[in-house]
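One-letter residues, chain by chain:
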Amino acid sequence: MVGGAQRLAVVDRLAGQIGVWAGQSLADARAICPSLICAPYEPVADQQALRRLARWCARFSPAVTPVFPNADVAASCYGFFLETAGVAHLFGGEAGVLEALLQRFCVFGLSARGALADTPGLAWGLACFGVGAPRGLVCGEGQGALALADLPVLALRLPCPVVDRLHDLGLKRVCDVLALPRASLARRFGPCVLTQIDAALGDAPEALAVLMPAAQARAHLVLAAPLTTIEGLQEVGRRLCTDLCAQLTALGLGARRVRLTLYRVDGRAIDLVAGAQAPRMAAAHWSRLLRERLARAAERLDLGFGVDAAALTGEDLEGEASRAVGTLAPEAGAIAQALLARQEIAERLSARLGPRAVVGLSGRASHWPERAQRAHAVTAGEAGEGWPEGRERPAFLLRVPEAIEAMAAAPDGVPAQFRWRRVLHRVTRAAGPERIGAEWWREEGLTRDYFRVETAEGRRYWLFRAGLYGRETATPDWFVHGCFP
Amino acid sequence: MPQKRGPNPARQAALEALRRQVRALEGGGLGAGMVSLGSAGGLLAQTLARGATHEVVGDDYLDGPAAAGFALCVCARALVSQPGVLVWVSAPGSFDFGAPYGAGWARLGLDPGRVLFVRAPDLAQAQGAMEEAARTPGIAAVFGMLGARVSSTVGRRLQLAAETGGGFVTVWRPAGAQALAGVRSRWGVSGLSSAVPVWAQEAGLKGRALPPGLSAFRLTPLKGRTQERPIAAEWRNATDGFYPIAPLVDRAPTYAPQMAYG
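Chains as they are written, first to last, in this note's numbering: chain A, 1 to 485; chain B, 1 to 262.
For the record, the hints were derived by calculation from the structure and aren't laboratory data.
Quick caveat, the model's predicted, so the values are computed rather than measured.
Fair warning: there could be bad hints in the mix.
To be verified - One side only, chain B facing chain A, incomplete, derived with CB under 7 Å:
1) ALA13
2) PRO65
3) GLY98
4) GLY104
5) GLY109
6) SER193
7) PRO197
8) THR220
9) PRO221
Even for Gly, the Cβ is constructed at its ideal location relative to N, Cα and C.
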């Protein structure tokens, strides 16, 4: 919707052949082609989809740069750059990468064009405006200058006003521009024309913002047939771990985290992360963690039609400290082993049960019993604010205090007996009250008078009376809040 | 200026190594602190050993906290003599007397900083997590709260895992649960009225004026020498040991109160 009129934002190739163009009003387009299929333009969703697709393209090469349409640049569209240097041999040459990629896009139902060249600029121009091969153009080494000369000036990704001025002067193709002296080009059109030409020819560098940061250690596995079972993926994980940990060992570094990326055949990438508390490089350790992680994810993992490639990236690389254990004195060795065991069991159980299932308990500076403790992730390794000292607290605290029927001689005294969970408890010994006021800055509440009591059967409970008799309430209620062993 | 002499680290280490050897000779038992409890106390000290699995069960539904408390006391004792953590695994819905509350563990001699608390989503995962922890060398103790309906092999599996890892494994079961097969020992626990401290008796406190005392348990061996009489023991966190509850002699103070004027 532009200026009250509905306009076409993007058209596909078939529509373009009929004579429908982007920017046309919908009414005109419908007049040309009554059977036109159109959908609301959602640029944000499109960007997300492209990003997702770009992540999946990391299946071919880790250096992917998505490109989004920019209204200021002539002939810009959705696309991405893929660096094939160093990975082409895995797919039978550079042409093989391009062919495999375009073939996949065709299967996904996308109309895509691609080109392979020495520089991103030239590849972009060839993909958009190249003639010859219908979808994939490969420009051999050293033929860049020739290929570029043939392209229209639109292919240089120049700002719209510059392109318009070039067109006004009759400069339609890049060869027309190349024939002009460089000094006058810069004077008339600004530095952008020369920059773009130099970048396309490889005389100047072009910086690309890759989607994923370059990994120091990355293992990659392409499968012959798609896998759909967790057991199969666990085996893939084991192999990748062996490969990755060999790289880590060569670097002399351990990883704090590994990221397993599974590439589905239908163009989605799934990330699973397993973390350790200390840098690790042992393949056995990581493959075990990955196995647990995959087993935990098994229920929610949507593998679609299968996974046909996987990559394992080591993140947060650091020097591994645990190697030193063997060199310590026996006593210190036992302590170091205990520390390692603590880390390992926390990592393994977190990978299996989820990070929030394994916690440490630490104190918090609060008088309110429910707030005086908090659970923290073990991996965080943080210290608490300390436990209340000199106060008797139960070893087990009920999440919600349970109401009891208490019979006390005086309304503000200790109950002589009470009924809890349908059992009558006769109080034989008692201590209290310990008066704890509600945290008024947090929420309104009644003051509690806590009593420690022991029953005739030798059971010890933590009771409280909610509300001060006569001041806050006329009929105080009694609750059980915890059990002492 | 004379140099103040601190503890000699080499000497400390040598002593600690000797203590360790003595403990090894004792057969992995948790040792002293339980010796004064008669023959059943001997059984307690003997059977509560590392590298084995022990089951505690409340005599009654309401004795659940007492049984769990007893298990934690023994775990605290295991933590004293060995570096490492206690891995506490709980299965959902098995223990309904509240969540672990670290502020109250000092009473049991347990340091919350040395406890890893694992909340398993179901019983099978809880068993698996316990087994995993028990099998890991360097984990000092494992405490699990498993419900009544566990698989029949879990006792044997935990015992095997404990033998591999060398840790001290205890399992809490609700009252009336079927005994686990293959565990080293099984104890029935119920709460016991705590002993009246001397000062309270001397002050003439009686009834509800008396405050509750230390944690006390009645322990019944349910496996092995079951003809033994139950032990009445109280737990003292100061020494991390069980002591007999001896009834105090009811008598008047032997000394006359000193009257002091000016």
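For each hint given before, does the structure comply? Return the numbers of the non-compliant ones in rising order. Hints 5, 7, 8 and 9 are the ones this structure does not satisfy, whereas the remaining hints hold.
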